[in-house]
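Enquirer: Sequence lines, in order, name chains P and X.
One point on numbering: in full-length UniProt numbering, the residue at position 1 of the first sequence is 1, and numbering is uninterrupted.
One point on numbering: in full-length UniProt numbering, the residue at position 581 of the second sequence is 581, and numbering is uninterrupted.
Accuracy of the hints is not assured; some may be wrong.
[Unchecked claim] Heads up, simulated DSBU-like pairs for lysine-lysine below, C-alpha to C-alpha not over 35 Å straight-line:
1. P:Lys-52 - P:Lys-132
2. P:Lys-132 - X:Lys-136
3. X:Lys-129 - P:Lys-177
4. X:Lys-166 - P:Lys-52
5. X:Lys-414 - P:Lys-177
6. X:Lys-166 - P:Lys-7
7. P:Lys-62 - X:Lys-166
8. X:Lys-379 - X:Lys-129
9. X:Lys-129 - P:Lys-52
10. X:Lys-414 - P:Lys-64
11. X:Lys-136 - P:Lys-64
12. X:Lys-379 - P:Lys-151
13. X:Lys-342 - P:Lys-162
14. P:Lys-151 - X:Lys-121
15. P:Lys-132 - X:Lys-5
16. X:Lys-342 - X:Lys-121
17. X:Lys-414 - P:Lys-7
[As the list claims (entries may be wrong)] Here are some, though not all, of the chain X residues that point toward chain P, as calculated from beta-carbon distances under 7 Å:
18. Gly-170
19. Glu-174
20. Gln-306
21. Leu-341
If you are wondering where the hints come from, they were derived from the structure by calculation, not from laboratory data.
Built from N, CA and C at the ideal position, the CB exists for glycine as well.
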Amino acid sequence: MPPTPDKEIAATFKLLLIGDSGTGKSSLLLRFTDDTWLHPDEVSATIGVDFKVKVVDIDESKYKLTIWDTAGQERFRTLTSSYYRGAQGVILVYDVSSRATFEHLNLWFNELDTYSSSQEVIKMIVGNKVDKESSGSREVSRKEGEAFARKMGTLFIEASAKTKTGVKDAFIEVVRKIIETPSLWQKQQNKTPGTIHMNDDEAPQGGCAC
Amino acid sequence: MEELKTHYDYIILGTGIQESILASALARNNKTVLHIDGNQFYGGNECSFNFSEFLEWIMNVQKNDNKAKQSTTTNDINKFYDSYHDIDIKILSGYDIPDNEPEITNRFALQNNKIAEEFLKQTQTSVEKDKLALLKDLIKDNRQFYISLLPKMAYSRGPFIDLLIKADLGNYLEFRSMEKTYIYNNDVFENVPCTKEDVFNSKQIKVIEKRKLMKFLTFVMNYRLEKESYEEYKDKPYSEYIKTYKLNPELQQVILQAINDSEEGLEDATTEEGLASTYRYLKSLGKWGNSPLICPLYGGGSEISQAFCRSCAVYGGVYMLDQKINSLEFKNNQYHLDCELKFTGDHLISSIDYLQDQSNIEITDYHKAIIITDKPLKKNIDISIYIIPPNTINNNKNRIMLIQQGYQANCCPKSKYIIYICTKATDTSKEEIKNVIQQLFEDKNDISEKNKLDEMEGENNENIKKDEEANDNNNKNDDDDDDDDEEEEEEEEEEEASKPKAYISVIFKQSIRKQKSLETKLDKTTLTIIDDMLPGISMETPVENALSIFRQLHPEIEEIYSKPQEEEEEKEEKQEEGQKEQEEQITNENEAVEEQTQ
Ligand SMILES: Cc1cc2nc3c(=O)[nH]c(=O)nc-3n(C[C@H](O)[C@H](O)[C@H](O)COP(=O)(O)OP(=O)(O)OC[C@H]3O[C@@H](n4cnc5c(N)ncnc54)[C@H](O)[C@@H]3O)c2cc1C
Ligand SMILES: Nc1nc2c(ncn2[C@@H]2O[C@H](COP(=O)(O)OP(=O)(O)O)[C@@H](O)[C@H]2O)c(=O)[nH]1
Ligand SMILES: [Mg+2]
Chain P
1 MPPTPDKEIA ATFKLLLIGD SGTGKSSLLL RFTDDTWLHP DEVSATIGVD
51 FKVKVVDIDE SKYKLTIWDT AGQERFRTLT SSYYRGAQGV ILVYDVSSRA
101 TFEHLNLWFN ELDTYSSSQE VIKMIVGNKV DKESSGSREV SRKEGEAFAR
151 KMGTLFIEAS AKTKTGVKDA FIEVVRKIIE TPSLWQKQQN KTPGTIHMND
201 DEAPQGGCAC
Chain X
1 MEELKTHYDY IILGTGIQES ILASALARNN KTVLHIDGNQ FYGGNECSFN
51 FSEFLEWIMN VQKNDNKAKQ STTTNDINKF YDSYHDIDIK ILSGYDIPDN
101 EPEITNRFAL QNNKIAEEFL KQTQTSVEKD KLALLKDLIK DNRQFYISLL
151 PKMAYSRGPF IDLLIKADLG NYLEFRSMEK TYIYNNDVFE NVPCTKEDVF
201 NSKQIKVIEK RKLMKFLTFV MNYRLEKESY EEYKDKPYSE YIKTYKLNPE
251 LQQVILQAIN DSEEGLEDAT TEEGLASTYR YLKSLGKWGN SPLICPLYGG
301 GSEISQAFCR SCAVYGGVYM LDQKINSLEF KNNQYHLDCE LKFTGDHLIS
351 SIDYLQDQSN IEITDYHKAI IITDKPLKKN IDISIYIIPP NTINNNKNRI
401 MLIQQGYQAN CCPKSKYIIY ICTKATDTSK EEIKNVIQQL FEDKNDISEK
451 NKLDEMEGEN NENIKKDEEA NDNNNKNDDD DDDDDEEEEE EEEEEEASKP
501 KAYISVIFKQ SIRKQKSLET KLDKTTLTII DDMLPGISME TPVENALSIF
551 RQLHPEIEEI YSKPQEEEEE KEEKQEEGQK EQEEQITNEN EAVEEQTQ
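Starting from the given sequences, assemble the full structure and let the hints guide the process.
Expert: Next comes the structure, spelled out in structure tokens:
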């Protein structure tokens, strides 16, 4: 299939994933964009994933999402500032079977406030790995998760990258919320004139001046 | 959580640009990389700071300098602060003190204001109200400042841009064209003509000179094909060779001082070196805008480091900042690093900041200044370069270079500008920098004058100002190219009226460190020390250094960034195939989504 022509795209949004290592961020991303699930011993498969692009249809318009993964830089909180820059939506992930990852969300909110460019950014808390409930290893109840999200004024959902539960919902809901907040993205869609991006390499004025 | 490896092919200390390029190149070629920095931030000596971090850096430099004077030794391996010395701070006096300060509740604002106060306590003899008010005003926009310790730009054609494109880092970095270069002549900054249009439109250059200049520039563009024509001058001074083109002294200065990227100008360069330098400059003209240089946004150096670091991380590199290094030893053919955790590595690449034995290094000092102002040096010009050739302001010995970056470079809030000054250190260089600052900037708010104006013109004054601003903006948007000359003339008159105010000016000495000679570079082939980057404007030399180190480490790898990119393309194709089905599913499921989420 040829890539969707840009003129059909209503807007492009940058989303990113944060949260402790091992909470399933990369798995959620792969599930959402490629509908794949990696066996735990296939860890190296997420090497080389910078960000993924996905076009979604919402209310008959197409939106292009670039969803950024942490590249493992969340482990020691060394994410680079360009990671956060210009994001309209953030998905904060914890693991429902690990209370520590839930408690660390506070640190992630702090990190986000320090680096993100706009306070309006849409935030979604995702309690991942709900499939582990059946084996009795849940450590954070849905209620607790919901209460924390309410306190922080963010969206909330429980999900499982393994069983697909809630994964699409998590991403789509963030996008819907972004669409409802035009101030967040409308000015950013028209990049400031004069900014040079390496991707559109050869700019209009070619040739040598001499 | 996935287990963290404890052994790596490479341990890299320092996240300066060169170390970061190497980290990225190694990871892309399947080497395991552990990348460590002793500072809380990325970039090493190429770091950039927001306003409060800048104040803290100044305080730390002062403390470190005092410690060094009392020769108290620290056991910290990280020598970051040791390359900055002798720091002088001047803050504008007479700043308006607000009648009633608004009450501040935001905890960050409170904390930042505390830093401002602490800063005045440490660096000034007393905490004066006007100065505190000024600092508080600046720190309000704390995070809009990106103040660089080693401001850099890049040629639009050259190894740096090639590398960015090959490494596919376009998504992490943004640039803007440098707008103009000026050279100081007869007590004013004159625009340096660099494009054909500039040369032809210039009113400063006579027609006959224009022809000679064009002849020279055209020659340089093809100089490598015409080796015979400069053969006999090859190793002689470039300045002599240029004379053969019979250019007037001003144009000779332009060539030697302004249109190149060397640290100190081409006054002492050989013809061979000089031609290469002029060529690199000319080659980059016309790709993006009128100038050959593009300026990375958000403070430059640190952003570039971070782009390479992220690309290393994407390919498995592990990152740790803010590491106190307790010990680093080489035993049993491995490096043993003890920081927050313990690691081993087969190879060590270390910035000179972490070199334990600092006895074998050669130091070149530069005197620098960082100034924050309310106005650009030239009206309506943001990102720009100003060259002060030797002997032009109070007999300055060496060339002095100024770089200006403002809101357009995303380095400042609106209507603030950062001006960087740099010159090679001599026994008089500090005085020379002070002279330049005195010549170009105002160091106090002249309240009496302002009050007079206010009384006389009252509200009218405000309106006129606004009109003027609106006009300026129109001019700028309409047609940048055509009206240049007219604008300039107006400009100069206006500038006479008032110089930019130096809100804060910080003068310091920076040591650029280099290993003395190859023999002392240690007998171990598994150790690579990275010298400091020189303060020249462009990024080409450090990139070439890093790449040549990579080739020494891995002569077997021909194309550093070739393979992974092909893989990516394959992946992308697959991804696109799956996309259509998924889109359909999503549309169908939208309703369900709304019910489930809060
Ligand atoms: C939970 C939380 C944590 C935050 N953490 C920080 C933080 O660590 N550091 C911080 O400076 N701000 C922090 N902020 C403030 C927030 O990021 C800024 O308010 C936002 O960036 C918009 O800034 P503003 O220019 O509109 O000014 P305001 O939000 O009105 O900020 C007022 C003052 O706070 C300073 N400030 C604001 N944000 C930051 C920031 N992220 N880092 C440093 N100074 C800031 C500004 O420079 C200014 O002096 C935090 C906010 C929240 C809610
Ligand atoms: N049972 C279960 N395991 C998961 C789920 N999501 C991720 N994992 C596992 O958790 C581990 C870490 O996942 P990863 O996506 O690498 O986490 P990241 O570090 O946040 O990117 C891997 O072993 C995954 O297989 C999930 O929804 N359920
Ligand atoms: Mg991951």
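Enquirer: Within a Cα-Cα threshold of 35 Å, do X:Lys-342 and P:Lys-162 meet the stated pairing?
Expert: Distance of about 34 Å is within 35 Å: holds.
Enquirer: Between the alpha carbons of X:Lys-129 and P:Lys-177, is the straight-line distance 35 Å or under?
Expert: Violated, at about 46 Å.
Enquirer: Taking 35 Å as the top limit, are the C-alpha atoms of X:Lys-414 and P:Lys-177 close enough?
Expert: Since the Cα atoms of X:Lys-414 and P:Lys-177 sit roughly 30 Å apart, the hinted pair holds (cutoff 35 Å).
Enquirer: Does the alpha-carbon distance linking X:Lys-166 and P:Lys-7 stay inside the 35 Å limit?
Expert: holds, 28 Å
Enquirer: Check the hint pairing X:Lys-129 with P:Lys-52 against an upper bound of 35 Å on the C-alpha distance.
Expert: violated, 52 Å
Enquirer: Taking only the CA atoms, is the gap from X:Lys-166 to P:Lys-52 under or equal to 35 Å?
Expert: With a Cα-Cα distance of about 19 Å, the restraint between X:Lys-166 and P:Lys-52 holds, given a limit of 35 Å.
Enquirer: Can the restraint linking X:Lys-414 and P:Lys-64 be considered satisfied, given a maximum Cα separation of 35 Å?
Expert: holds, 31 Å
Enquirer: Would you check the hint for X:Lys-414 and P:Lys-7, treating anything up to 35 Å between C-alpha atoms as holding?
Expert: Holds: X:Lys-414 and P:Lys-7 sit about 33 Å apart, inside 35 Å.
Enquirer: Quick one, are P:Lys-62 and X:Lys-166 close enough, alpha carbons at most 35 Å?
Expert: Holds, because 30 Å separates the two Cα atoms, which is no more than 35 Å.
Enquirer: Taking 35 Å as the top limit, are the C-alpha atoms of X:Lys-136 and P:Lys-64 close enough?
Expert: violated, 41 Å
Enquirer: Does the closest beta carbon of chain P sit nearer than 7 Å to the beta carbon of X:Leu-341?
Expert: Violated, about 10 Å.
Enquirer: Straight-line Cα separation of P:Lys-132 and X:Lys-136 no greater than 35 Å?
Expert: violated, 52 Å
Hints 2, 3, 9, 11, 12, 14, 16 and 21 from the list above are not met by this structure, while the remaining hints are.
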